[in-house]
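Participant: Could you slot chain B onto chain A? The hints should help.
Keeping their order, the protein sequence lines are chains A and B. Numbering of the first sequence is given in the working numbering, commencing with residue 1 and proceeding in unit increments. Numbering of the second sequence is given in the working numbering, commencing with residue 1 and proceeding in unit increments.
You can trust all of the hints, since none of them are fake.
Cross-link-like lysine to any residue pairs, in silico, SDA-like; alpha carbons within 20 Å at most:
(1) K59(B) x V16(B)
(2) K59(B) x L165(A)
(3) K84(B) x D183(A)
Treat the hints as calculated values from the structure; they're not laboratory data.
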Amino acid sequence: MSAFFREVLWQKLRRNRMAMAGALIVFGMFVLATIAPLVNNDPGAIDIARRLQSPNWGHPLGTDDLGRDVLVRILYGARISLLVGFVAVGIATSIGILLGALAGYYGRWVDVVIMRFVDIMLCFPSFFLILAVIAFLEPSIWNIMIIIGLTGWMGVARLVRAEFLSLRERDFVLAARALGARDARIIFRHILPNALSPVLVSATLGVAGAILTESALSFLGIGVQPPTPSWGNMLIAGKQTLGTAWWLSVFPGLAILITVLGYNLLGEGIRDAMDPRIKD
Amino acid sequence: MPNLLHVRGLKKSFQVSSARPGGPKQTLRAVDGVSFDIRAGETLGLVGESGCGKSTTGKLLLRLIEPDAGTIEFRDRSLTTLSKKELTALRREMQIIFQDPFSSLNPRMRVGEIIGEPLLIHNLVKKDEIRDRVVQLMQTVGLAADHYNRYAHEFSGGQRQRIGIARTLAVQPSLIIADEPVSALDLSIQAQIINLLRDIQQEFSLTYLFISHDLGVIEHVCDRVAVMYLGRIVELADTQELYEKPLHPYTEALLNAVPVPDPTRARKSQLLSGEPPSPIHPPQGCHFHPRCPYARDICRSSYPALETRASGRQVACHFAGQVGQPT
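Chain A extracted, bound-state conformation (with noise of 0.2 Å):
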């Protein structure tokens, strides 16, 4: 893995403004989570006397109709955001790498029943299937987490098992197999390695996909629940007094916004990067 990405993956990336744009988003929106506590350890410092106040120098985003600063609030809900993103989309990818990785190696019946299951699972239209969970569970971030991952992994099975479709007849398969190796090591050792590569486009791009399904959740009231910061329920706090206070919703906007976006132009320059037909 390491090699390919030193000299194939990055010689390509690296020449890609986009991508390098979108890295950057990425990797200063982690700095910024990770920074977060040395900025403002207490997101939900209530300060009546200085309540929705315009962005100034002492508050560069403003403050909300409680006093709290927004700037500290949206940093801390990069932490909820990036959370959300990485451990649905880790739950996600799991499952469809490993149900992908089995449906295509054995064939047959297994990929039968399997794929048969992703067809069902497609049909229902995501964001109501969640809808639909989350309403007989408790609104908490991990349920958010469980839920958007176990309705996200189609694809990536898909895409692992068209992989092991093709790579289950190459050579290296078949001489591994001559020399005696067992199927967990065919699968684990040989394929997976090799078949890796879609997924990981395909991670980055889900990504932002789950931290905008969070948003929405939040912003619908049954996602992250207040008073913990998230920009979903950030955006919708600020709804009422979007008139006189703009300030509000317009920031953890923005914030979703340049995140989202930047998750998509990585994803979208790692698979161009990794496409063979499309030269630099």
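Facilitator: For chain B alone, coordinates are given in the frame of chain A:
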């Protein structure tokens, strides 16, 4: 010499989808009743045009593809009836070298891991001795020890083929199926790899099934040669006899097609015309009759059996005696 491998009536057909969408599936008979023996210590060549089933035969012998019918006996043990577990043990005895050195090595593994993996799978050496053994194998095939941590794509085709050979030697096999081991290499490299194969054959007393379409290479390395056409063996003989006096018209045509580096020497007879027929719809009777200069009525109706002649040579042709004197 005792027989190491004993193959009888090996068959394999593939289902291919019809040319017209929704049409019935068609059967491609890749290997259609192949029988031969490999003697311990010899190199048996398997020649034929592209698509005649030589590679499929090689893979069937290792059960990388499951045969439809036929028996394979290795040292008097039947391979075709073995369970998966018993097969794993026997896998140590039979190995394969692939044609394409670029697809036969895992691009995500280091050379040391590739060569060391068989040692790990079969617990051949202690964990802490794997590295020493791998380096020793690398030296056997002419690789430097400092290549241990490199990836396969950093090597040339010839070097990669050496890595593949080291991997097969790791399990100390007695039979190696060399599936066009030099066809993808430059001429100068071909000679090196062939010499390497011959050196290790002597050093480790190996037996080879050498699959190739290159008659020059086959003549150079093989003790006996089997000629395949459209899934069947049409002639099997000692290399020297076969090259001096082919008994099957197809063998004769193949030999005539070998370029002779002497512009003053005229070709003995005409080159073979046309393509090999489709193995989905093989011709009635002898599969070779549409391209055969000796063909008569009987060739169009009945397939000649592979018969052993008094000299010990095997040939499947109604007019085997007349080859070389066209009517």
